[in-house]
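Starting from the known structure of chain P, arrange chain E on it as the hints suggest.
These protein sequence lines are chains P and E, in that order. Under this note's numbering, the final residue of the first sequence carries the number 301; numbering is consecutive throughout. Under this note's numbering, the final residue of the second sequence carries the number 430; numbering is consecutive throughout.
Okay, the calculated bits of chain P under chain E, using three or more residues with CB under 8 Å as the criterion:
1) 45-52
2) 135-142
3) 242-248
4) 264-271
I should point out that these hints are in silico values taken from the structure, not numbers from a laboratory. All C-beta atoms in this analysis are idealised placements derived from N, C-alpha and C, irrespective of residue type, glycine included.
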Amino acid sequence: MFFSRWAGRLRRRGLDEVPWLFALPAVVALFAFHFVPIVFGGYYAFTDWDGLSHASWVGLQNFRRIAGDQFARSVLWHTLELATCFVLLVNAIGLALALALNRAVKTRNVLRVIFFAPVALSPLAISFVWQWIFVPQGALNRVLDAAGLSSLQRDWLGDPSTALWMVLVVMVWQFTGLAMVLYLAGLQQIPEEIEEAALVDGASDWLRLRKIVLPLLAPAITVSVTLTFIIGMRVFDQILGLTGGGPAVGQTETLGTQIYEQLFQFGRYGYGAAFSVVLTVIVLGLALLQLIFLRMNERRL
Amino acid sequence: MNRRSYRGGRASVALAFFVLLTLAVSSAQARPSGQSATVKLTMYSSGASKPALDVLIPQFKEANPDIDVDLTYLGTAASGNQLETTQLAAGGGPDILSVWPGCGTATSVCRLAPAGHLVNMPAKPWAKRSTSISISTSKYGAGLYVYSPVVTFEGLWINESMFKELGLKVPETFSQVLAVCRKARARGKVPMLLAASQSLVMQQLLGAFALTTVDDYPKWLQKLKAGKATFAGTPGWHRALQKLVDLRNAGCFQLGATGTTSAGAEQQFVQGQALSYANMTSKKGNIEGALPKFGFSQHPFPITDKPNGTTVMLIVGVGWSVNAHSSKTNQAAAQRLIDYLAQPTQSGTYARLSGGLSQEQFQKGVLPRYLSSYSRLFKARRYGVNPVQKWQNAETGDALTEFGTALLTGQKSIAEVLKALDAAWKLGPN
Numbered sequence: 001m002f003f004s005r006w007a008g009r010l011r012r013r014g015l016d017e018v019p020w021l022f023a024l025p026a027v028v029a030l031f032a033f034h035f036v037p038i039v040f041g042g043y044y045a046f047t048d049w050d051g052l053s054h055a056s057w058v059g060l061q062n063f064r065r066i067a068g069d070q071f072a073r074s075v076l077w078h079t080l081e082l083a084t085c086f087v088l089l090v091n092a093i094g095l096a097l098a099l100a101l102n103r104a105v106k107t108r109n110v111l112r113v114i115f116f117a118p119v120a121l122s123p124l125a126i127s128f129v130w131q132w133i134f135v136p137q138g139a140l141n142r143v144l145d146a147a148g149l150s151s152l153q154r155d156w157l158g159d160p161s162t163a164l165w166m167v168l169v170v171m172v173w174q175f176t177g178l179a180m181v182l183y184l185a186g187l188q189q190i191p192e193e194i195e196e197a198a199l200v201d202g203a204s205d206w207l208r209l210r211k212i213v214l215p216l217l218a219p220a221i222t223v224s225v226t227l228t229f230i231i232g233m234r235v236f237d238q239i240l241g242l243t244g245g246g247p248a249v250g251q252t253e254t255l256g257t258q259i260y261e262q263l264f265q266f267g268r269y270g271y272g273a274a275f276s277v278v279l280t281v282i283v284l285g286l287a288l289l290q291l292i293f294l295r296m297n298e299r300r301l
Numbered sequence: 001m002n003r004r005s006y007r008g009g010r011a012s013v014a015l016a017f018f019v020l021l022t023l024a025v026s027s028a029q030a031r032p033s034g035q036s037a038t039v040k041l042t043m044y045s046s047g048a049s050k051p052a053l054d055v056l057i058p059q060f061k062e063a064n065p066d067i068d069v070d071l072t073y074l075g076t077a078a079s080g081n082q083l084e085t086t087q088l089a090a091g092g093g094p095d096i097l098s099v100w101p102g103c104g105t106a107t108s109v110c111r112l113a114p115a116g117h118l119v120n121m122p123a124k125p126w127a128k129r130s131t132s133i134s135i136s137t138s139k140y141g142a143g144l145y146v147y148s149p150v151v152t153f154e155g156l157w158i159n160e161s162m163f164k165e166l167g168l169k170v171p172e173t174f175s176q177v178l179a180v181c182r183k184a185r186a187r188g189k190v191p192m193l194l195a196a197s198q199s200l201v202m203q204q205l206l207g208a209f210a211l212t213t214v215d216d217y218p219k220w221l222q223k224l225k226a227g228k229a230t231f232a233g234t235p236g237w238h239r240a241l242q243k244l245v246d247l248r249n250a251g252c253f254q255l256g257a258t259g260t261t262s263a264g265a266e267q268q269f270v271q272g273q274a275l276s277y278a279n280m281t282s283k284k285g286n287i288e289g290a291l292p293k294f295g296f297s298q299h300p301f302p303i304t305d306k307p308n309g310t311t312v313m314l315i316v317g318v319g320w321s322v323n324a325h326s327s328k329t330n331q332a333a334a335q336r337l338i339d340y341l342a343q344p345t346q347s348g349t350y351a352r353l354s355g356g357l358s359q360e361q362f363q364k365g366v367l368p369r370y371l372s373s374y375s376r377l378f379k380a381r382r383y384g385v386n387p388v389q390k391w392q393n394a395e396t397g398d399a400l401t402e403f404g405t406a407l408l409t410g411q412k413s414i415a416e417v418l419k420a421l422d423a424a425w426k427l428g429p430n
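The shape of chain P in the complex, shown without the other chains (with noise of 0.2 Å):
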């Protein structure tokens, strides 16, 4: 009765219920398999769930726990300490790899499938891979060796000052090419002929890239910084795959992998899904601030 009236009204209004009946069921599962387990998640962040018996509600004694805790306030420097360094490295190597290939290059369609492959792969498959790289008798050392240049290896990834920039280095090889597809798409938007009215009047290369082209590529540049940021603030594959969150005291540890340890390694769901709620509000804070300022300029221009 009641589906009858509804449809009747949609009816009424010129729109027909049948289009709706068949998203139904990818709502439904939307809803189910994504928005709950959000509020759940949510729920759960203020209780002291182990993730097999009861949850007991504590209040906000978890977000107490974390921003009284040095390891967490660490955890969280590593984690917009390599999501910034990540941001910049890949957006701008993505950018030059652009402005590279946008030219008329015979072996130009190969090279941009080469420089994209990475980003199809599995970030931890990748991850496993340059760790056989990067161990002591890995490929690096023994490249630098064949070099003559033995004083520069290294324990990659078991000395903590250097074990963070490793991850870094694999994240910035497998995304560098999201980038450049990503400005390529912007680049192409860009009229030819006001470059070439540009190159006319005489303008140099780097006073066209900085008058014409960077202004006209704001859109691309807002999207790719704004994803690659999030991938940055998310990483966890690379540093499972690579280090495991150490050597030693949380040297790599981020919130992603934090999130993991505190729910799988500790069973402490309740701790762990307030990790994932501050997670959330930082990542969501800072991309929408990030947003907003890039979309204010891109108005300005």
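Same frame as chain P, but now just chain E:
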């Protein structure tokens, strides 16, 4: 399109959907006539058990054609914890779980049993054949929940050929260990491989040291649990951590120890690149499987200079439990499989292929040739359970790993490590 044909279209779609659903359900339930019903068991087991279970499970299936076993080997301890706890929280999981005896991990007896996820297995014949050490860690309250096939030891895998080549004797005291390290280093050899990037390795090594250096460790643990002792206030723990510092300063460990995984260390050892390898007996299967071109054996890791002064650390191996969420039929079949694996012949095969001593071998003090150097300490009953298996939470074991590794790299001092252990202990039980 008029209203009649529109309604007819919708009815056809609904009818087609109903027919498809019926066909799907009936084909899932259909069974060719004449075939007997087979109970399909799902089982998780740690990767260390692979050399043995690859032989024993097919034998079981041959002897029990009405039971089919779908076995999955878990990767790292963390991934195994993740898989099992997630499934158990949803009321599912395999019929046979891989469970850690004692406490200290997310899938240990003391977490899963009180939450009602494990089946009590009272009055089993294999319980009488099991050591009291195994039983004590396999129980929770009055119930018995885990069968552990082997007991393994922390020790030193020795490259016998390299020792002979260098004219060195296998060390029997801690001072001799340091001397061997210095001599081997001077000859350009790696004295001791340590897979310090693997969490359990550091935890077990330091736990092994503490069993010897902390006076009357079992009594000390009671005091710790009662709040009458701390890690920082116990000289024995200072001494245990000092041992690691002494080994580091003597150049015992390979370059890049903190970045070396167990797989990497094993590879180096079987390729004859080091004099010794600090790890558990359960590495036997992997080492043997790599067919090293030298003789090897495992020896107790000497922690003191007193003759027979070392206490060997035993690890009650990861075992199997029956899932309380499984059907009664599957629970009965799971118990049959566990009972089969627990028989003396099968458990002896398990120990031979995967390393360690079966429960019967331990009870009788029967040591295979590669473990013969443990006989003196065994006869003197100089052994104790892995401390972490008796700790109240996983964070304390993790702190021992992380801060112990930081001690190795010189980032943290002994005092800071002990402070971290106390802070982790105060978080309370998992």
